[in-house]
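Trainee: Top line first, the protein sequences correspond to chains A, B and C.
Just so it is clear: in the first sequence, position 27 is 26 by numbering that gives the first Met the number 0, and no numbers are missing.
Just so it is clear: in the second sequence, position 47 is 46 by numbering that gives the first Met the number 0, and no numbers are missing.
Just so it is clear: in the third sequence, position 186 is 185 by numbering that gives the first Met the number 0, and no numbers are missing.
The hints are simulated quantities; they were obtained by calculation from the structure and are not laboratory data.
The reader is advised that the hints may include incorrect statements.
In silico lysine-lysine, BS3-like type, Cα no more than 30 Å apart, as pairs [claimed, not checked]:
#1 C:K255 with A:K21
#2 C:K496 with C:K255
#3 C:K490 with C:K255
#4 B:K140 with C:K560
Each pair of labels, with its calculated beta carbon distance range [to be verified]:
#5 A:A34 with C:R418: 57 to 67 Å
#6 C:N52 with B:A181: 27 to 37 Å
#7 B:M29 with C:P293: 29 to 39 Å
#8 A:V33 with B:T68: 50 to 60 Å
#9 C:I218 with B:I33: 25 to 35 Å
The beta-carbon is built from N, C-alpha and C at its ideal position, and this holds for glycine as well.
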Amino acid sequence: MSTTEVQHDDGADGALPEEHFKPTGTIFVLVLFVATIILLWASVYVILLSRGVTL
Amino acid sequence: MSAPDTLEREQEPADEHLTMGIDPWEKNWMLVSIVLLVVFAAAITVAGFAAGFQLPGEESEVDPRTVATEGPWAEPGLRELGEGRYEAYILAQAWSFAPRELVVPIGAEVDIYVTSPDLQHGFKITDTNVNMQIVPGQVSKLSFTFDEIGEFPYICTEYCGSAHAAMFGTVKVVSQADFDAAESGATDTSEATDTSEATAEAQG
Amino acid sequence: MTITERAPSTVGGSGYDLSRFERRLIGVHLFVAIIALGIGSLIGPLQTFEYSNVNLYQYLEPVLQSYYQGLSLHGVLNALVWTTFFIVGFTTFTTIRGLRRPLRHPRINVAGFAVMLIGLLMAAVPLLLDQATVLYTFYAPLKASWAFYVGLTLVVVGSWISGLGFFLTLHAWRKDNPGVRSPFIALAGVINAAMWQIATIGIAVQMLTMLIPWSLGLIDATDPQLARTYFWFTGHPLVYFWLLPAYVSWYGMLPKQAGGKLFSDSLARLSFWMFLIVSVPVGFHHQFVDPGIPQVWKWLHAVLTYGVFFPSLLTAFTVIASLEYAARQRGGTGLIGWVRALPWGDPSVTTQLLAGILFMFGGISGLTNASYNLNLVVHNTAWVPGHFHLTVATAVTLSFIGITYWMVPHLCGTQLWGRRVALVQAWTWFVGMVIFSNAMHMLGLLGAPRRTPLGEALYVPDEWNGHLLRVSIGGAILLVSVILYLVVMYKTFRAPKVEAALVPEVPIAESLRHPQLTPVWLDRFKPWLIAAGLLVVLSYGPQLVDQIMDMSLNSPGPDFKVW
Chain A
0 MSTTEVQHDD GADGALPEEH FKPTGTIFVL VLFVATIILL WASVYVILLS
50 RGVTL
Chain B
0 MSAPDTLERE QEPADEHLTM GIDPWEKNWM LVSIVLLVVF AAAITVAGFA
50 AGFQLPGEES EVDPRTVATE GPWAEPGLRE LGEGRYEAYI LAQAWSFAPR
100 ELVVPIGAEV DIYVTSPDLQ HGFKITDTNV NMQIVPGQVS KLSFTFDEIG
150 EFPYICTEYC GSAHAAMFGT VKVVSQADFD AAESGATDTS EATDTSEATA
200 EAQG
Chain C
0 MTITERAPST VGGSGYDLSR FERRLIGVHL FVAIIALGIG SLIGPLQTFE
50 YSNVNLYQYL EPVLQSYYQG LSLHGVLNAL VWTTFFIVGF TTFTTIRGLR
100 RPLRHPRINV AGFAVMLIGL LMAAVPLLLD QATVLYTFYA PLKASWAFYV
150 GLTLVVVGSW ISGLGFFLTL HAWRKDNPGV RSPFIALAGV INAAMWQIAT
200 IGIAVQMLTM LIPWSLGLID ATDPQLARTY FWFTGHPLVY FWLLPAYVSW
250 YGMLPKQAGG KLFSDSLARL SFWMFLIVSV PVGFHHQFVD PGIPQVWKWL
300 HAVLTYGVFF PSLLTAFTVI ASLEYAARQR GGTGLIGWVR ALPWGDPSVT
350 TQLLAGILFM FGGISGLTNA SYNLNLVVHN TAWVPGHFHL TVATAVTLSF
400 IGITYWMVPH LCGTQLWGRR VALVQAWTWF VGMVIFSNAM HMLGLLGAPR
450 RTPLGEALYV PDEWNGHLLR VSIGGAILLV SVILYLVVMY KTFRAPKVEA
500 ALVPEVPIAE SLRHPQLTPV WLDRFKPWLI AAGLLVVLSY GPQLVDQIMD
550 MSLNSPGPDF KVW
């Protein structure tokens, strides 16, 4: 798949020099990251629950 | 392709019109992050304050210079409070716990009080949520119900000098019958301590 | 693509480069830092081998008396000396080069270095003589020689003096450039220095009111609980003091090295300001299992720690997006395939990319540590060093190593020696740390204590053995990595001088959007400093007052040397 969302503004036409670029790959990586956070964090949470109350 | 070095002053928007220029996807990510953290915060708060998976809090203070000779830690060990309820006084000192062995009947709900006359120590009972920093002058307390027969080492988890790695004890969770038999068998706590001391030395 | 070098905002336009004197000043900081890292990291693997019952310490007497002396040296040299000297040197660099102007008062920065160096030497003597085997947390009433406490205090004081030098330099630049956004790398470095000044009040009070008078015999005993509270007031922001310079590089330099731009200037600034205000009021999350602190305060600090996790999540987006932009500029395609288009052949980039990857996992275990009762599962276990070897020992240290791969040759006027060797160094660090750290996390979940020679412990079940062995294997791989790093640095330092055009350039990334478009409130110190102060007072004030009013100096510690 090709992602060519990078558009350039040459900044020569007097417009503000902003470039638009949709970070699809970043979103993908971060979705995986959030899934990993939830998985690992929840696994320790389950261990906590399995080891008994302390009150 | 590179942004110009300088921006002419007249092109620059007035200060009040400046925006952060946040990418819409980054904005979404910020929302996801906040939701994630709020959900986690709710989960730990409910577990801690409603379901009883609670941290040690402020208990009481003692004088570390006298705590080993006066008061409840002068005779450390398990005491019965009532039906199925116990309290355990444990002294953590360089480099052993007193007592070295705590025999409790299954289902016992034990208030565990630990302090130190010398240095900081740690007190963590393996496979349970009992985990405390032991600080001279302070009493660390957690309560725990032992629901499983077996041996659970309590390990010193804070560096306290050269024999720190040898500092541990064991909770023995036994059946009510075994517990009653041991109680009536006139086995006093000092004898139990001696046995485990010998075992530890033999292993060392 | 044109590779031109310029500050993010070069209004004023001067092309000032480091003077010979400034190069030397930065150079000596790095020299001390790298020596400290070298010694400290060579000791680290000894601890890991001990886990597999291979105790090399017995062959090292009388240089090292024990596992614990080695561990104390490892912690102090790596976590305190390497980091602090590198950070002050690097911030000197980013201040001058970011602003394109000389230090405003170079003598202040020289004085800062001198005080830090004197402090280091003072602390080193008792450490090496086995008179300060108290680990790098020096929990009272473990009693080290007074020289250890005074020395560490001087290191901190020296870093304050240098911080003042950075601030005055930025201030002078701002006077000359009214209305212009401060260049990001310079501003970010000064924000870190400001955060450090607030954060170190805790350790300064601990040293001056308790540990130093006690070690000198002026008072008989300590209040260990209060000492812990003072220590952790500084102890957690300390980790952000280490981390933020790596973030300076990830945001402000790495995108350039990768061939791209900073994705968002305004969010980069916002995350630094957030670190200024939420780095300090979180220290109780190190004291979750302490007695003497009410649960509600621990809970509050847990929530605030979640708050300080937020700017790191923001950083993840901005930095990854900057890298993705770079990769796509280089022809990278696909949802994830673009990663391959990054310049993996450049050791300075590879180190920092690998550091970033492991930091994502370090962040997860850190979030777990901070999660109030989840801390019961892992507190004081091997999980904790497992965690901070992903953060300070990889995210921070491997990034700093990556920075030296361009900065040392830049300062020496040479080229990096052994690009391939440096790449092997990066990957061995990564692989060694993955193995080591994963095994440590597992050991922690099983209940293995931290800072303990498990090879000689009497309570180790067979179940732990596989993990203990993996800790040692990780340590062995890391040992190779450390040696390679020292060789690369030595050879680079000794390499022949080359003409200026061949010396590595200073990578300073532009942002996609001109910094001048960033709102003014993201460039002002005052509101953020007020917010930081308020939050510290609210989160710590009542407990500090309570503990100080309640102080009882009744803990003298054992009357014999315990190690």
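Trainee: None of the hints should be skipped; say for each whether it holds.
Mentor: Going down the list of hints, with the structure as the test:
no.	hint	in the structure
1	C:K255 with A:K21	19 Å, holds
2	C:K496 with C:K255	25 Å, holds
3	C:K490 with C:K255	26 Å, holds
4	B:K140 with C:K560	29 Å, holds
5	A:A34 with C:R418: 57 to 67 Å	36 Å, violated
6	C:N52 with B:A181: 27 to 37 Å	36 Å, holds
7	B:M29 with C:P293: 29 to 39 Å	32 Å, holds
8	A:V33 with B:T68: 50 to 60 Å	55 Å, holds
9	C:I218 with B:I33: 25 to 35 Å	47 Å, violated
Of the numbered hints listed earlier, those contradicted by the structure are 5 and 9.
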